[in-house]
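> With chain A fixed as given, assemble chain B onto it according to the hints.
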Amino acid sequence: MAQEYRVLLEYADKIDPANAADYIKVGGYKGLEKARGMEPKALIEEVKKSGLRGRGGAGFNAGMKWSFVPQDAPVKYVVCNLDEGEPGTYKDRIICQKNAQALLEGMAICGAAIGSNQGYIYCRGEYPFVVDLLKRAVESAKAEGVLGDFDIEARMGAGAYVCGEETALIESIEGHRGEPRFKPPFPGVEGLWGVPTVVNNVETFACLPYILTRGAEWFAGIGAPKYPGTKIVTLTGDVVNSTWFEVPTDMTLREVIFELGGGVKNGKKFKAVQVGGTSGAFIPEANLDCPIDFDSMGNMGAALGSGAVLVLDETRDIVDVVTRISKFFEHESCGKCNPCREGTFRCREIMEKINNGNGSEKDIDNLQLLSKVMQKAALCGLGQAAPIPIDSTIKHFKHEYSRKLVVTSGKGGH
Amino acid sequence: MISLTIDGKEVQVPKGTMLLEACRIAGADIPTLCYDPDLKLAGSCRMCVVEAKGRRNLLATCVTPAENGMEIHTESSDVIEARKIILELLLSRHKLECHTCESDGDCKLQDYCYRYGVADSRFDGEGPHFTKPDPNPFIMRDYDKCIMCTRCVRACDEITGALAINIKDRGHHAKISTAFDGNLADSTCVFCGQCIMVCPVGALTSKVSAGKGKPYQTEKVVTTCTYCGTGCTLALNVKGDKVVGVTSVRDIEKSPVNNGALCVKGRFGWDFINSDERLTTPLIRENGELRQASWDEALDYTASRLKGIKEKHGADSIAMFTSARVTNEENYLAQKFTRAVLGTNNVDHCARL
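Each protein sequence line maps, in turn, to chains A and B. Following numbering that gives the first Met the number 0, the residues of the first sequence are numbered contiguously, the last one being 413. Following numbering that gives the first Met the number 0, the residues of the second sequence are numbered contiguously, the last one being 352.
FYI, nobody ran anything at the bench for these hints, they're computed from the structure. Hints may be right or wrong, so weigh each one.
In silico SDA-like links for lysine to any residue, alpha-carbon gap of 25 Å or less [what the hints assert, rightly or not]: (1) K238(B) <-> D270(B); (2) K182(A) <-> E66(B); (3) K352(A) <-> K94(B); (4) K309(B) <-> V340(B); (5) K326(A) <-> G187(A); (6) K361(A) <-> E80(B); (7) K206(B) <-> R277(B); (8) K268(A) <-> M299(A); (9) K39(B) <-> E173(A); (10) K174(B) <-> F327(A); (11) K397(A) <-> R121(B); (12) K39(B) <-> G187(A); (13) K264(B) <-> G239(B); (14) K371(A) <-> S76(B); (15) K306(B) <-> S293(B); (16) K83(B) <-> D110(B); (17) K371(A) <-> K83(B); (18) K131(B) <-> C100(B); (19) K241(B) <-> S205(B); (20) K371(A) <-> E399(A); (21) K182(A) <-> T31(B); (22) K335(B) <-> A323(B); (23) K352(A) <-> R121(B); (24) K83(B) <-> S359(A); (25) K174(B) <-> S359(A).
Fair warning: this is a prediction, and the values are worked out from it, not measured in the lab.
Next comes chain A alone, as it looks inside the complex (with noise of 0.2 Å):
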């Protein structure tokens, strides 16, 4: 029977995340004293030791990233993506309700390891009560002197998904428009306000803590050996538990949804589910005991992402839901690029004639050659990841396409 392995969310509803007292009292704080004991450059190591990759969807390895901060640069800025955009994604939100210190402290961690004494969180702005717990948790951190000269400022968003893209992120918290920047240069070269900086995802901070005072060794030994630790995965849909879990990297997608989700709804059967959030691909039930980790994921073309898990039951219609899907994706477009600016919208377009009844053949290869194109050439991840959902549809359930077609060759038809 797969189990939780607990390491953040271990004191979760025992201790008050606002309270730095509570938290100390339960070992925090001492992975921060440990880090600014140590050379900047053997925490980076440290932390490369880890094996602790990004959790925020692009999976790359949070020492590497901090590797390229120029050491030398006067100013430096650490900033937290808690911008959480994508739909049925709750995790960040779930380690700031029940353990916002240990954010806090992996902030701290990291501006000992680039040289920086300033975080910024940016919260997506559907969680003012986040910022709210935030503000407390930084005063209260302050009150018991454990920050020390390391000062963490809460941001607020307005609500554009495209801002969870770190460089639309920066430019947001700048006060601009939410359009993302092209890369290189990559924000620990050039980030906030045009300074090295480094952006990491809430889950990714808060390891950090754990990852000090346990040992590199300790979490590199936990799940998947390429994408060591655990995960906190948000089941959501037609699923029995709907709620959240923490779980080793390497536990399947069967284990998630069967055993810690309890299975399917109401008796029904298992048609889809798809991870990662509305830019993930579908998954079919013979793709089910493949492991979550970032890698195994990656392998059948879907994405460990934010760890969303929204599992759909043999009665949902794949196609309306990825005319819902591409409908969120035509609105959450800032625009700037071509393929993603004029792309959502005419997926949009053809899903729903499609889903109408109205589409035909051509119109499923019109589809997949624009998906093509906005994956190979759209400027940032929205853009690339977009037609994922209706990419990976067309590949599994390409029956449920096909009965909405229009009769032209005898072939399905309604």
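Frame of chain A; chain B shown alone:
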């Protein structure tokens, strides 16, 4: 120096060179829409994408630095496919009326559609819906032809500093707009027309030149603007024996003062040349009425009146006020004449105001 291969040809470029430049050195013709050498990079049109060996995604050459050992293919099947689809996406939101378009023959969208054989768009849903009338005398804004390259926004910010326009709304519904989507006249726009200068299509054109001649029907006569002493270079667009427009000369060698930038007067204020109301001879006022005179008569009359005033009231009763619309040399002569011939230091100039 770093070394890379572009379409099978090895080139060496200094570190920091963008791929676009490297490709051009290698002789590859890379299409661009949002790129403008005088503006900050946007990297947004994605027309300049190329394939790099070992990279999953195509690279936008205008914003990607060349790297040692890169193997670039500028016209691979994936690259051509991407460019064609991007063109089709743009066509599907574009008002296709090339036959009456002011930019016909001088339009990058048209050129690239021709180059890649894109006659029509497979995306046949909703068409363009972006234009709203803007009743100003100078700039025609037809956003049903806009390709959202944002060159106008950047030129307005970076060249003129007017910050009159920016992007409004998001996604497909994003459009170029003044604050609160009002008219240009109510914005900080100074009608310099730098936006027209950088627009690669027919979305921004001159209302003053509308219908008077397509770009390829006019001869471009490079000259100096006569409005002030700055000495901006501009090109008079001449059709037959008439000036029908003014365009920028975007070459720092030929336009060293202004590098193509103009002001509202230089760009739009040329219609006096063929105006019926234009003075063609000197006029002398007699008994409250103006009558035509020859230059000889007018000069003699002026000389005798100046002489008469000086004799009766003294030289300091006369002042010379000169104009920024004449050259430095002529202004010099005017003050010299005032001091040496008229005998007064009462000299002033409109540019001092």
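> Next step is simple, just say for each hint if it's right about the structure.
So, going through the hints one by one against the coordinates:
Taken as a hint, the K238(B) and D270(B) pair is honoured in the structure, with Cα atoms around 14 Å apart against an allowance of 25 Å. Between K182(A) and E66(B) the CA atoms are separated by roughly 14 Å; this keeps the pair inside 25 Å, and the hint holds. A hinted pair counts as satisfied when its Cα atoms are at most 25 Å apart, and K352(A) with K94(B) qualifies at roughly 23 Å. Between K309(B) and V340(B) the CA atoms are separated by roughly 11 Å; this keeps the pair inside 25 Å, and the hint holds.
Among the hinted pairs, K326(A) with G187(A) is inconsistent with the structure: their alpha-carbon atoms are about 33 Å apart, more than 25 Å. At most 25 Å may separate the alpha-carbon atoms for a hinted pair to count; K361(A) and E80(B) meet this at roughly 17 Å. The straight-line distance between the Cα atoms of K206(B) and R277(B) is roughly 21 Å, inside the 25 Å bound, and the hint therefore holds. For the proposed pair K268(A) and M299(A), the alpha carbon gap of about 22 Å is at most 25 Å, so the pair holds.
Distance hint between K39(B) and E173(A) is fulfilled; the C-alpha atoms sit about 18 Å from each other, no more than 25 Å. Restraint check: the Cα-Cα separation between K174(B) and F327(A) comes to about 19 Å, which is no more than 25 Å; the hinted pair holds. Restraint check for K397(A) and R121(B): satisfied, since their Cα atoms lie roughly 22 Å apart, inside the 25 Å limit. A C-alpha spacing of about 21 Å is found between K39(B) and G187(A), which places the hinted pair at or below 25 Å, so the restraint holds.
Pair hint K264(B) plus G239(B) holds up; C-alpha atoms about 23 Å apart against a cutoff of 25 Å. Between K371(A) and S76(B) the CA atoms are separated by roughly 13 Å; this keeps the pair inside 25 Å, and the hint holds. Annotation: proposed proximity of K306(B) to S293(B) holds, straight-line Cα distance about 20 Å (limit 25 Å). For the given pair, K83(B) sits about 12 Å from D110(B) by alpha-carbon distance, which is consistent with the 25 Å threshold.
Only pairs whose Cα atoms come within 25 Å are accepted, and K371(A) paired with K83(B) is accepted, the gap being roughly 13 Å. Taking the CA atoms of K131(B) and C100(B), the gap is near 17 Å; set against the 25 Å cutoff, the hint holds. Straight-line distance between C-alpha atoms of K241(B) and S205(B) comes to about 17 Å, which keeps the hinted pair within the 25 Å bound. At roughly 21 Å between alpha-carbon atoms, K371(A) and E399(A) fall within 25 Å of each other, so this suggested pair holds.
Taking the CA atoms of K182(A) and T31(B), the gap is near 18 Å; set against the 25 Å cutoff, the hint holds. A C-alpha spacing of about 16 Å is found between K335(B) and A323(B), which places the hinted pair at or below 25 Å, so the restraint holds. A threshold of 25 Å between alpha carbons decides the hint, and for K352(A) with R121(B) the separation of about 14 Å falls inside it, so the pair holds. Distance check on the hinted pair: K83(B) and S359(A) sit about 22 Å apart at the alpha-carbon level, within 25 Å; holds.
Only pairs whose Cα atoms come within 25 Å are accepted, and K174(B) paired with S359(A) is rejected, the gap being roughly 32 Å.
Checked against the numbered hints given earlier, this structure breaks hints 5, 25; the rest are met.
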